[in-house]
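Based on the hints, put chain C with the ligands in the right spot on chain Z.
Protein sequences, first through last, are from chains Z and C.
For the first sequence, our numbering assigns the number 80 to the initial residue and increments by one for each residue that follows.
For the second sequence, our numbering assigns the number 129 to the initial residue and increments by one for each residue that follows.
Just to be clear, a hint being listed does not mean it is correct.
If we take Cβ atoms under 7 Å as the criterion, some of the chain Z residues that face chain C in the derived model are [claimed, not checked]:
(1) MET188
(2) ALA195
(3) ASN198
(4) SER200
(5) PRO210
(6) LEU444
(7) ARG447
(8) ARG489
Just so you know, these hints were derived from the structure itself, not from any lab.
Idealized CB from N, CA, C, for every residue including glycine.
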Amino acid sequence: MPTKPEPVLDIRDLVVHFQLQGGALSRLLGLGVRTVKAVDGVNLTLARGEVLGVVGESGSGKTTLGRALLGLVATTDGEVVYHDRERGERRVSHMRGRELRQLRTDLQMVFQDPHAALNPSMTIEEAVGHPLVIHGIAKGDELRRRVGEALERVGLAPVERFLSKYPSDLSGGQKQRAVIARAIILDPEVLVADEPVSMLDMSVRAKILQLMLDLKTDLGLTYVYITHDLASAKYFCDRIAIMYLGRVVEVGPTEEVFANPRHPYTKALLKAIPEPDPERMVPRDLPRGEIPDAAVPPLGCSFHPRCPEATSICGWESRDLRALIEEHWTRGSAETYARERDLVGDLEHLDRPDTRPRVGAGGALEVRGLLAEMRAEDPDEPLWLGVDAIDDDGDGVRVSFHPGEDPQLRAAGDVDVACVLYP
Amino acid sequence: MGSFFRGIWNTKGQARWILLVGVVITLVFIVFAVLAPWVAPYDFNQTKLDGAKLPKLAPPSGTYWFGTNDQFYDIYSRVVWGARTALEVIVLSLVISIVIGVPLGIASGFIGGWFDRILVFVNDAIYSLPSLLLAIVFSFLLRGPLGGGVTAAALSITAVYIPQYFRVVRNTTVSAREATYVEAARALGAKPFTIMRKYLFGNVVQSVPVLGTLNAADALGTLAALGFLGFGIQPNEASEWGYDLSRALDDAQAGTWWPTLFPGLALILLITALTLVGEGLNETANPALRRRRLRPVVFPRREQDEERTR
Ligand SMILES: Nc1ncnc2c1ncn2[C@@H]1O[C@H](COP(=O)(O)OP(=O)(O)OP(=O)(O)O)[C@@H](O)[C@H]1O
Ligand code: SF4
Ligand SMILES: [Mg+2]
Chain Z
80 MPTKPEPVLD IRDLVVHFQL QGGALSRLLG LGVRTVKAVD GVNLTLARGE
130 VLGVVGESGS GKTTLGRALL GLVATTDGEV VYHDRERGER RVSHMRGREL
180 RQLRTDLQMV FQDPHAALNP SMTIEEAVGH PLVIHGIAKG DELRRRVGEA
230 LERVGLAPVE RFLSKYPSDL SGGQKQRAVI ARAIILDPEV LVADEPVSML
280 DMSVRAKILQ LMLDLKTDLG LTYVYITHDL ASAKYFCDRI AIMYLGRVVE
330 VGPTEEVFAN PRHPYTKALL KAIPEPDPER MVPRDLPRGE IPDAAVPPLG
380 CSFHPRCPEA TSICGWESRD LRALIEEHWT RGSAETYARE RDLVGDLEHL
430 DRPDTRPRVG AGGALEVRGL LAEMRAEDPD EPLWLGVDAI DDDGDGVRVS
480 FHPGEDPQLR AAGDVDVACV LYP
Chain C
129 MGSFFRGIWN TKGQARWILL VGVVITLVFI VFAVLAPWVA PYDFNQTKLD
179 GAKLPKLAPP SGTYWFGTND QFYDIYSRVV WGARTALEVI VLSLVISIVI
229 GVPLGIASGF IGGWFDRILV FVNDAIYSLP SLLLAIVFSF LLRGPLGGGV
279 TAAALSITAV YIPQYFRVVR NTTVSAREAT YVEAARALGA KPFTIMRKYL
329 FGNVVQSVPV LGTLNAADAL GTLAALGFLG FGIQPNEASE WGYDLSRALD
379 DAQAGTWWPT LFPGLALILL ITALTLVGEG LNETANPALR RRRLRPVVFP
429 RREQDEERTR
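So that you can see chain Z by itself, here it is in the shape it has in the complex:
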């Protein structure tokens, strides 16, 4: 590995938010716009010639990040800088129109669903050759020659058999090969591959990945490989970035991330990789709980509601308390639920993030007792670490949590981790 890798893409504090419009009623009531923080402050550098894996669960913002790299989605803040060999630094995130279209000769994308990515009313020849037509690079015989060349490169041979086919005539693997051919025909520098094999049959996945590796060596490509499948990332990537709710929580060389995972989320993901040996196959065991709403992410470390190693300063708050109370009820009987529901009163207000929430409607002492009972039920629950004080407040109590910390990416050994355990 070279001592100082030459960067090809720089992602600096990249933020992509989506405005979600509510219905007409909620807009009237002024509850209108919700913002989904799809990418929420990402810093990454892509070195020339490497394969960077971007791994995360559904909704972690992988696709949005990939689209932002190509300028397919408007950035809210931060920037993406492309280091052009000839023209020097170019800010993808601030390009528009013609300049952005021109950039496509250098940055290309392979999509998750090869079937949807091909125009159903274009033949393979037209589809694969269209980039050259769009950019006015080739036409006539030259165009046909280069299309043939690209198809051969991706293993769609004999070429004549595929030229006049429509996407619906091809298998999934063949379609993805055509999509790849279309992406490489412009001889790009960087290829963003968004889960290129996840929709394909098991039997062709490895072949497509191998094809991509061959193309990389032959054409000197740089890859951003987006996936939720750590096993394929291990095989494919030089470096891995783990994403959670729009943030990169751990990034480092593949071997190091696998051999020595540091972030609790990475550990959980690694544990969830299915064993290749079916005899010893364990069910996937993703971290507890649901993925939180990206519109209102948890306070502090956004992973804390699911983190088995969470500490007192990870950002405990009202919503965690609500989740805990409701979880407690799933274990009890219907009568206990009825009694305790009257005791704690309405929980709706806990949905507003708050580090000093108030609960209870049936007497401070009783509520305190209930909380103590819940704590005894599961003393290892990390939420209790975050409780600073429980004070009486009318006929309920006010639970004060320690203020949370939002951990930033920091170097820890060979990797960068965003977790308070690695200060």
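Chain C with the ligands only, in chain Z's frame:
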């Protein structure tokens, strides 16, 4: 397009018969329309033979198969020439509404924003007017510059149908715009115009042929109504059934039945046939097309989700 005809060929059951009957009757009319100069004994505007006037209101006979009317026209000839007028107006008005409505719909749906909102508003306003009223207004306006001929009638009808194509195409475009292949086209560096022309057009015009056949019957009805009310094609410009019907109404009350019967029958037959074609296509080709072509954009379920729901 190929799949469209294949879809028709593959239709089954009741729909197939509806379609077949409609197509056969329509074909008969087309044959008459094309061969009018040869199968009609007289010209559409001919009232004299060798300097002598044709008889007025002569009943059907060996010489005048369908009789003659009060304007000294041979009714059989008028009916045959009327088929030609009807088909000319239908084809012309459909082609013009498609040529205007489809690109407008694609642009509106693809570009979106204010452009889209204004077009949709104007379009809905036009659409909400009674179509006959609209056609009358336009034929009134067009009579000055274009006269009372086929072109003016076709254009008046066009005004009624543009909104329909616009609406259908615009709505399909709005959903097709979100398709991955459109994003892929952007990722290839295609200009908006290229995306509309090469990626959207071929996929959103699929619904147009069926709409076209459904509108054909309607267009003929509108043409006849215009003629009947006196806003349509003038008798010396071309033969038109609606006009002939309105002329013959007084005679019908006096018991002279042939001037109304034959143009009326032709009108009803052709409208029915075109409706059958449209309905037959709609019933068979359309759902098939929808399934085949306009796939809704569904985001694939993720393996992990499946894992979890299992
Ligand atoms: N165009 C959009 N408009 C509104 N919200 C969006 C849009 N695209 C993505 N989002 C939201 O942004 C978040 C991140 O989405 P993204 O598709 O980037 O995740 P992902 O990691 O690629 O997930 P998956 O593994 O399911 O593909 C999600 O909550 C998603 O609902
Ligand atoms: S900061 Fe680290 S320990 Fe705390 S919740 Fe987040 S991942 Fe867990
Ligand atoms: Mg995705």
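Checked hints:
A cut of 7 Å between beta carbons decides the hint on Z/MET188: the least distance to chain C is about 5 Å, and the hint holds. Restraint check, Z/ALA195 versus chain C: the minimum CB separation of about 4 Å is within 7 Å; hint holds. The beta carbon of Z/ASN198 comes within 5 Å of a beta carbon in chain C, closer than 7 Å, and the hint placing it at the interface holds. At a threshold of 7 Å, the smallest CB-CB gap from Z/SER200 to chain C is about 3 Å, leaving the interface hint in force.
Evaluation of the Z/PRO210 hint against chain C yields a held restraint, the C-beta minimum of about 5 Å falling below 7 Å. At about 41 Å, the closest approach between the beta carbon of Z/LEU444 and any beta carbon in chain C exceeds 7 Å, and the interface hint on this residue is violated. Here the hint on Z/ARG447 is broken, as its CB sits about 36 Å from the closest CB of chain C, past 7 Å. Interface restraint check for Z/ARG489: the shortest CB-CB distance to chain C comes to about 29 Å, outside 7 Å, so the restraint is violated.
Checked against the numbered hints above, the structure violates hints 6, 7, 8; every other hint is satisfied.
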